[in-house]
Amino acid sequence: MSHNSTLKHAEAAAQFINDEPRTNWHDETLWFVRQKRDKAAHGLPEWEQLREWASQIKNHTLSNLDNYLKEFESKAQDNGVIVHWAADAEEHNKIIYDIIAHHKIKKIVKSKSMLTEECGLNEFLHTKGIETVDTDLGERIVQFRNEPPSHIVLPAIHLKKQDVSDTFHEHLNTEKGNNDPQYLTEAARQHLREKFIESELAITGVNFAVAETGGFVVCTNEGNADMGAHAAKIHIACMGFEKMIPKAEHLSVFLRLLARSATGQPITTYSSHFHKPREGQEMHIVIVDNGRSRQLGRADFRNSLKCIRCAACFNTCPVYRRSGGHSYHTAVAGPIGSILNPNIDMRANADLPFASTLCGSCSNVCPVKIDIHDQLWKWRQVLVAEGYVDTTKKVGLKGMAFLLARPGLYRFAGKMGRGIMRFFPWIVNNKLNPWYKQREMPAPPKQSFRDWYLQNKKQ
Amino acid sequence: MSARETILKNITANKPELVELPSIDLNAVIQYNDLVQQYKTVLQSIGGGTVELQDLSSLKQELESRKANGDFVVNRIAALGEVSDSLVSLTADELAAVDTAYLQGTVAVAENGAIWLYESQMENRLLPFICQHLVIVVERRNIVPTMHHAYKQIESAKEGFGVFLAGPSKTADIEQSLVIGAHGARSLIVYIIG
Amino acid sequence: MNVGLFIPCYIDQFYPNVGIATLQLLEKLGCKVGFPLNQTCCGQPMANSGFASLSKSCDKNFVSNFRGFDYIVGPSGSCVLHLKEHLHDEQHPGEAEHIRKHVYELTEFLVDVLKVEKLNASFPYKVGLHNSCHGQRGLHLSSMSERNLPAFSKPQQLLSMVKGLELKMPSRPDECCGFGGTFCVFEEAVSVKMGKDRIADHANNDVQYITGGDTSCLMHLEGILKRNGSKVKTIHIAEILNSNA
Numbered sequence: 001m002s003h004n005s006t007l008k009h010a011e012a013a014a015q016f017i018n019d020e021p022r023t024n025w026h027d028e029t030l031w032f033v034r035q036k037r038d039k040a041a042h043g044l045p046e047w048e049q050l051r052e053w054a055s056q057i058k059n060h061t062l063s064n065l066d067n068y069l070k071e072f073e074s075k076a077q078d079n080g081v082i083v084h085w086a087a088d089a090e091e092h093n094k095i096i097y098d099i100i101a102h103h104k105i106k107k108i109v110k111s112k113s114m115l116t117e118e119c120g121l122n123e124f125l126h127t128k129g130i131e132t133v134d135t136d137l138g139e140r141i142v143q144f145r146n147e148p149p150s151h152i153v154l155p156a157i158h159l160k161k162q163d164v165s166d167t168f169h170e171h172l173n174t175e176k177g178n179n180d181p182q183y184l185t186e187a188a189r190q191h192l193r194e195k196f197i198e199s200e201l202a203i204t205g206v207n208f209a210v211a212e213t214g215g216f217v218v219c220t221n222e223g224n225a226d227m228g229a230h231a232a233k234i235h236i237a238c239m240g241f242e243k244m245i246p247k248a249e250h251l252s253v254f255l256r257l258l259a260r261s262a263t264g265q266p267i268t269t270y271s272s273h274f275h276k277p278r279e280g281q282e283m284h285i286v287i288v289d290n291g292r293s294r295q296l297g298r299a300d301f302r303n304s305l306k307c308i309r310c311a312a313c314f315n316t317c318p319v320y321r322r323s324g325g326h327s328y329h330t331a332v333a334g335p336i337g338s339i340l341n342p343n344i345d346m347r348a349n350a351d352l353p354f355a356s357t358l359c360g361s362c363s364n365v366c367p368v369k370i371d372i373h374d375q376l377w378k379w380r381q382v383l384v385a386e387g388y389v390d391t392t393k394k395v396g397l398k399g400m401a402f403l404l405a406r407p408g409l410y411r412f413a414g415k416m417g418r419g420i421m422r423f424f425p426w427i428v429n430n431k432l433n434p435w436y437k438q439r440e441m442p443a444p445p446k447q448s449f450r451d452w453y454l455q456n457k458k459q
Numbered sequence: 001m002s003a004r005e006t007i008l009k010n011i012t013a014n015k016p017e018l019v020e021l022p023s024i025d026l027n028a029v030i031q032y033n034d035l036v037q038q039y040k041t042v043l044q045s046i047g048g049g050t051v052e053l054q055d056l057s058s059l060k061q062e063l064e065s066r067k068a069n070g071d072f073v074v075n076r077i078a079a080l081g082e083v084s085d086s087l088v089s090l091t092a093d094e095l096a097a098v099d100t101a102y103l104q105g106t107v108a109v110a111e112n113g114a115i116w117l118y119e120s121q122m123e124n125r126l127l128p129f130i131c132q133h134l135v136i137v138v139e140r141r142n143i144v145p146t147m148h149h150a151y152k153q154i155e156s157a158k159e160g161f162g163v164f165l166a167g168p169s170k171t172a173d174i175e176q177s178l179v180i181g182a183h184g185a186r187s188l189i190v191y192i193i194g
Numbered sequence: 001m002n003v004g005l006f007i008p009c010y011i012d013q014f015y016p017n018v019g020i021a022t023l024q025l026l027e028k029l030g031c032k033v034g035f036p037l038n039q040t041c042c043g044q045p046m047a048n049s050g051f052a053s054l055s056k057s058c059d060k061n062f063v064s065n066f067r068g069f070d071y072i073v074g075p076s077g078s079c080v081l082h083l084k085e086h087l088h089d090e091q092h093p094g095e096a097e098h099i100r101k102h103v104y105e106l107t108e109f110l111v112d113v114l115k116v117e118k119l120n121a122s123f124p125y126k127v128g129l130h131n132s133c134h135g136q137r138g139l140h141l142s143s144m145s146e147r148n149l150p151a152f153s154k155p156q157q158l159l160s161m162v163k164g165l166e167l168k169m170p171s172r173p174d175e176c177c178g179f180g181g182t183f184c185v186f187e188e189a190v191s192v193k194m195g196k197d198r199i200a201d202h203a204n205n206d207v208q209y210i211t212g213g214d215t216s217c218l219m220h221l222e223g224i225l226k227r228n229g230s231k232v233k234t235i236h237i238a239e240i241l242n243s244n245a
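Chains as they are written, first to last, in my numbering: chain Y, 1 to 459; chain U, 1 to 194; chain F, 1 to 245.
By construction, these hints were calculated from the structure, which means they are not laboratory data.
Derived DSSO-like pairs: lysine-lysine, alpha-carbon spacing no greater than 30 Å straight-line:
(1) Y:LYS160 - Y:LYS39
(2) Y:LYS457 - F:LYS101
(3) F:LYS84 - Y:LYS306
(4) F:LYS84 - Y:LYS394
(5) U:LYS152 - Y:LYS75
Listed below are several chain Y residues computed to face chain U (Cβ distance under 8 Å; list not exhaustive):
(6) PHE196
(7) ASN221
(8) SER252
(9) SER271
Across the chosen pairs, the derived CB separations fall in these ranges:
(10) Y:GLU48 - F:ARG100: 20 to 30 Å
(11) F:ASN205 - Y:THR6: 34 to 44 Å
(12) U:GLN153 - Y:LEU7: 44 to 54 Å
(13) Y:LYS431 - U:LYS9: 52 to 62 Å
(14) F:LYS115 - Y:ILE427: 45 to 55 Å
(15) F:MET169 - Y:GLY396: 28 to 38 Å
(16) F:GLU97 - U:ASP34: 49 to 59 Å
(17) F:SER230 - Y:ASN430: 17 to 27 Å
This structure is a prediction, so every number in the text was calculated from the model and none was measured. Yeah, the Cβ is synthetic: ideal placement off N, Cα and C, and Gly gets one too.
With the hints as extra help, turn the sequences into a complete structure.
Following this line, the structure appears as structure tokens:
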């Protein structure tokens, strides 16, 4: 499901905030998830050490990634898995479609994979007449509603149970008005069990790919990835190549960090380790680039490839909580999205690194120590240098730079500005001044500090 | 050039300078005074139940009476009685009717309530996910503190499939209300033996 | 030791009392304080908006004003952090480096360099503390709620020396106020919403004042408070620490 990419973050956020009670609810819900994460993190005395290990394992992996990918491919092939490589989203979608078409399959099930969202797989398959059923409950809900997920771990976090009730009433014939989560989940369970049983092909994501064994791990709470993969004749696992880790023993570090960072749970219900197809099954892995190798070459931004998609940064971000995932108009929203997406399309995503106050909370919660807020600052420099910034802003800031380099001019402008504010406040206190929309301007003093200093202190 | 060659070439050209892997020091990780108590507390908090037994006799009786009752139960634990070994041939549709599956767990992890299951212990990969209720038996001496210890004790890549399974399935996707029993099992009881 | 007083541009123009309090406080504590008369700005507004390349002349001006001091102290965490991380002068790299290594935010200067243990200050009011982000997460003025590390707070340490002050922490002790530089106008809706939420959090504690180390945050919160007719006032921590017994 693609995004309405015409609205930039600031406008989309303003629309979101228009419904203030709902914004408060969205903010409090996600803050609660952040608090659960804190409880889990503070419960492990070695938490900061774990983050450091995870960060170093990922740093090492990125520095030897080509070799690990070759090792992974070779081991996976020895295990009877068919390995494909896709340079971009189009190739990824084509590879998957070709497998589906080859087997003359019309209906497939898919568990959560942000990569497939990134590649627009569902829409592509739809144009080819293939029914794709998203089996993660949150994803199924947004799929029924024809909207994209708003959060990479909690896809329907922007919806209230009443919304889900209405959607299920429309698509699953549940009782109108019954919004009991237990009742609704049971309805989804029955509905999706049918889909699992009848589907011949299942697509899953990959949380971690292990070079040493050629295997990969898929983590879910619902069990939907396994229900799909173990019932289907064909299992396709899609991964961005940065999901690689060197050895099986490293899974201990990442599995201890992932769920705690994402939802505050000590581990997801299922951490499934796939190595070989089962007897009679075909297993495929699609390894995808789609701009990742270019990001790898950006010294300032390559650390963003360490991401394990936990969304802790989303939950802590005061801007995300008050603007909602859809306002980021991309598959991966939030702070991490704002440092990944400009690499994919700089023009379309030039607004994202500015959707932040650079408060730094994201970097603190990141389990793999990505310097997210520093990268946001650096992306701003790149985007301005490439010319992707509003003219108004450019003119304003060039003016500011001119002024602030010239002490005499700065003082003159300051005195003039304060004078205008004191004697002609209406020039500044009006609708054209965005500050003034919901805030009073600071009171303009007669003297600047420097004026006072000269009068009182300078000998 | 194929996609594979292009991608690998780009990675080789763009990767940073080699840095070392860290060494993981097990002395730095959490220790528990009472492993079994920790395991029980955590499993309970994630929706599972535990029962401590000296031996399997009472569980054996329970299994037999359930079979006698006509419940569709599947047993994969040799010490509990006859082991179903034709599961591989069952379709998903048939397996969906399984009420309770009895499985042997390899190692249990105190920090998060998880249990490792090898494919050979379940015989059919779908079984632990599709059954309505799960019973797993694990030996007391096989409860370890953390995932680091667990991975040392198992060979995670030995078989075609394996899973760390922690509690019954669940979701909080509907307005963050926790519902136990999403797609996988609705309940999990772990019997700690010894 | 001779201390160069750095007064951020918006404090110079709009909140001179913060500068006055800072100067008086440093002198009370025994510092010889000089105020370079041609200072303007640290360059942060341009740099955070992506125009770091334009701030070279502004940086040069800063270096030429502040070279030669043992320490440079300013009542602003965000400005000081920016200087520490980004101040450069191609013609005088050594001087720029010296400044980067010797520039301090006020509370960290008082705690780490002057090692202040008591203050002759009195402020008998209920006060909420706002932990400004750049000072806290960038300069480590206090521990952070996200990290699993020992708790400490330089601002709180100093406020505990003030007679009569009743300190109340908000329930979200270090959530951002929403100012964020040019963010405050280019993402106005989110900015104000964040500010309103901070104010509501402090209001739950019935505070009379909200204080912090960054006038930018306080200016933004004050703007919202005044627009809504609130009796709550904002005050910079320098003014509290400098208040008379």
